[in-house]
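Trainee: Residue strings, one per chain:
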Amino acid sequence: MAGDPDVAIERVASLESAGPGDIAFLSQAKYRPLLHATRAAALILPRGERDATPIPRILCDDPYVYFARVSALLNPPAAFEPGVHASAVIEAGARIAGSSHVGPGCHVGRNAELGENVCVEAGSAIGDEVRIGEGSRLYPCVVIYPRCVIGKRAIVHSGAVIGADGFGMAPHEGRWIKIPQVGRVVIGDDVEVGAGTTIDRGTLDDTVIEDGVKLDNQIQIGHNVRVGAHTAMAGCVGVAGSARIGRHCTFGGAAMVLGHLEIADDVHVSAGSLVTKSIPQAGTYTGVFPIQAGREWRRTAALLKNIDKLEARVRMLERIIAELREKE
Amino acid sequence: MAGDPDVAIERVASLESAGPGDIAFLSQAKYRPLLHATRAAALILPRGERDATPIPRILCDDPYVYFARVSALLNPPAAFEPGVHASAVIEAGARIAGSSHVGPGCHVGRNAELGENVCVEAGSAIGDEVRIGEGSRLYPCVVIYPRCVIGKRAIVHSGAVIGADGFGMAPHEGRWIKIPQVGRVVIGDDVEVGAGTTIDRGTLDDTVIEDGVKLDNQIQIGHNVRVGAHTAMAGCVGVAGSARIGRHCTFGGAAMVLGHLEIADDVHVSAGSLVTKSIPQAGTYTGVFPIQAGREWRRTAALLKNIDKLEARVRMLERIIAELREKE
Amino acid sequence: MAGDPDVAIERVASLESAGPGDIAFLSQAKYRPLLHATRAAALILPRGERDATPIPRILCDDPYVYFARVSALLNPPAAFEPGVHASAVIEAGARIAGSSHVGPGCHVGRNAELGENVCVEAGSAIGDEVRIGEGSRLYPCVVIYPRCVIGKRAIVHSGAVIGADGFGMAPHEGRWIKIPQVGRVVIGDDVEVGAGTTIDRGTLDDTVIEDGVKLDNQIQIGHNVRVGAHTAMAGCVGVAGSARIGRHCTFGGAAMVLGHLEIADDVHVSAGSLVTKSIPQAGTYTGVFPIQAGREWRRTAALLKNIDKLEARVRMLERIIAELREKE
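Protein chains in written order, with my numbering: chain A, 30 to 357; chain B, 30 to 357; chain C, 30 to 357.
Think of the hints as simulated: they come from the structure by calculation, not from any bench. Incorrect hints may have been included.
Since the list gives no way to pick one copy over another, a pair counts as held whenever it fits inside one copy or between any two copies.
[To be verified] Restricting the straight-line Cα-Cα distance to at most 30 Å, the calculated cross-link-like pairs of lysine-lysine (DSBU-like) are:
| # | residue 1 | residue 2 |
| --- | --- | --- |
| 1 | Lys-306 | Lys-59 |
| 2 | Lys-356 | Lys-306 |
| 3 | Lys-338 | Lys-306 |
| 4 | Lys-59 | Lys-207 |
| 5 | Lys-338 | Lys-356 |
Everything numeric in this text was worked out from a predicted model, so none of it was measured.
Isolated chain A (complex conformation) (with noise of 0.2 Å):
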């Protein structure tokens, strides 16, 4: 700590944004700039950068994950009400800790069970036997089908659906034979699933989340998908069915994976690659076509759709060259 230590802080925000009661953060040094022209009343800065500003400053080792903390202490989640609203629908045998919510229009199924203060937001649809573990979140529309197993700490957010059908066929004589999809999804502690996304139950045993998995928005994890511990995913990522994904991995945005392949612990796919077979090494891996302008596009598309004529003409010319150097 440096500078006026009895300053009060109200707020987080942005170093450009921030005014009186706010404190504000730099973790990279490109926005060094920023220090001078801040309005913030408090900043968090790496250790190395006390002398950059006379503002009064917390110097740490990691501005990020000390902001992290600092916002999560001033912003706290939104307080909710316990109880069971009039107008939601609870059908028999259901558990509801009395310290838990259920908002306006929910319908919690037969003998679900929701831990200690769960909150589960309106017009949520809560299966028969799903069960919730204690000081989870759902947002308003989140729907869970039957049987299905939330962890402690969820965040679950407006319109994800967890356990759907996995999309299980089997062809015959021209038609889709559909295959019953009777095994759950279960999802481990400190779960936090974006709007929008899916995750099938599986066909015969269970789609698995372990803990601390964190899914962005319109992720699609298909059935029989296991995805490892503290493995994090950006928006609209899709998992086809039954691959097994490492721990502590990250998927950039779009990124997909087909189904039945391994990815190991520590693999990082990034935005937009296609993951056509199993990755068994810790890693970077890319691949997407780089993006140009029309012209230019176009004529890499030629040359690349055609590249089996270049590699012919390459090898031909290898053969005449190595006539002429025969016959010198």
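With chain A's structure known, arrange chains B and C on it following the hints.
Mentor: Then chains B and C, alone, in the frame of chain A:
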């Protein structure tokens, strides 16, 4: 059939997780080694595997199809009680068959028609004049816009939206003028629509999904599209407006089809591929950038982006060699 | 205008499906042959096509825009009854204009404000302190998180989620620490948001969608993004956090924009293209792998993956030829 014919079966299970009372199946030779360790009470096997195990077994041509049927027998869809829940809101003129179920908090619009044995689960919204054929099931929080038609035995998963406006706008002086979308979505019999999938209504004519089409989760079908009978699409596929897709096609996850294209019957598009022109011939089509580890990828990308320069170098070599040969 | 001016028009239709009472339009020369067979009662044609048909016709500069206006006249949005449905739940302090409609099962949070002629359809959830401008329409099952602002004349389709938490987390000792997302989503006037589209709230500052922006279905907009006025995005587009998109841009289906990029005004990104760096200049940009039939594709992919080897072969040839020439 071979082995003890009196064994009692209660559940289906995978070879690995099966125990007493379970029946499992073998459809791919690669899982054959699991036969020795399985604790299944009975098995479904290809005819050729009659002697592969002493476990009571059913021998058939297509174990996967046989398994699908056994599983459907043992796992019928969840039963529902006929009747309209007291909290559902039914508008004037709606006709709901006596055997059908409308769950808590649903809204059924004016003159909508639900056939026999239709089940609409909690929180779904059925627009005015919608028609839903007998035996169809809508999971919680499905939205069907006015005037759309859904055939018999449909399965529509949570978060699906059928009949929203197509994306039709005329550009005029830097702004977009909305084109009213007055067509419908018309869905045939035996169609499944996955969670979060959206099918837009037609602009003037209808968007049509023919019999037996299977759509996985988070698929987007644009206005005026026609999807031919028994075509199946995996998760995250997108089909732009006015495309016409043939019958018995399959689309891998996240495949995309541009607007106004025509795809023949029996076309198979690989996951992650973008269809940029019509495909008049049956077959398998692919176009995806191979994924590589970071270092290799950067080299590939740089060379690809400059493939025109590589081609120019080859052309130059061809010229020089031609000169050298002339001199000989 | 040409032909009988007293023909009565009741509906718009396509050239192919039009019949008595219908008006159709021709905007592209390629559909000209349909003029001869159409049974439309009237037509909207480019000025140059005055003599192309004897059918009563309106001649104008831009038939598509003219058609849009005629269609809007003949197909006004569905009317709604002012008032709050008895089953809707309205929290303390919410202000709902008398001309507005709140449908069955909706939830409107504390201190929310709905302007005149707003229509919120069944099952939607409006968070605390949300503001929605006059003339806006929310279809069933839309979720607006607390404090978000929606301008006038918005159209928001079912399943859209506006204001869910952005994907902000600080990595710390192998886990993710959530960064509270305390900004809002602020949407201008005349914006359309498609079914299943998600727009995340900002971390500290706001996510901003400017006037006249049109978003198709299943689009994902990350936190702190700004989308410039009158930009249009087709289905399945994704924009990662903190990207700034210019005005009057268009994005083809499934185009993706990485985080923190800046895209100039009047940039057009093709369907399926991944924008990996900022685009400071107007123009059309593309990057997609051309689709090919199975056999050709396998060859292309193999050569592409080994393009560095091809380049090495060309380099080797260049070296040999240089030697050969020196010897001459």
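Trainee: Indicate, hint by hint, whether the structure satisfies it.
Mentor: How the hints compare with the structure:
| no. | hint | verdict |
| --- | --- | --- |
| 1 | Lys-306 to Lys-59 | between (37 Å within a copy, 17 Å between copies) |
| 2 | Lys-356 to Lys-306 | neither (47 Å within a copy, 49 Å between copies) |
| 3 | Lys-338 to Lys-306 | both (27 Å within a copy, 22 Å between copies) |
| 4 | Lys-59 to Lys-207 | between (55 Å within a copy, 23 Å between copies) |
| 5 | Lys-338 to Lys-356 | both (27 Å within a copy, 27 Å between copies) |
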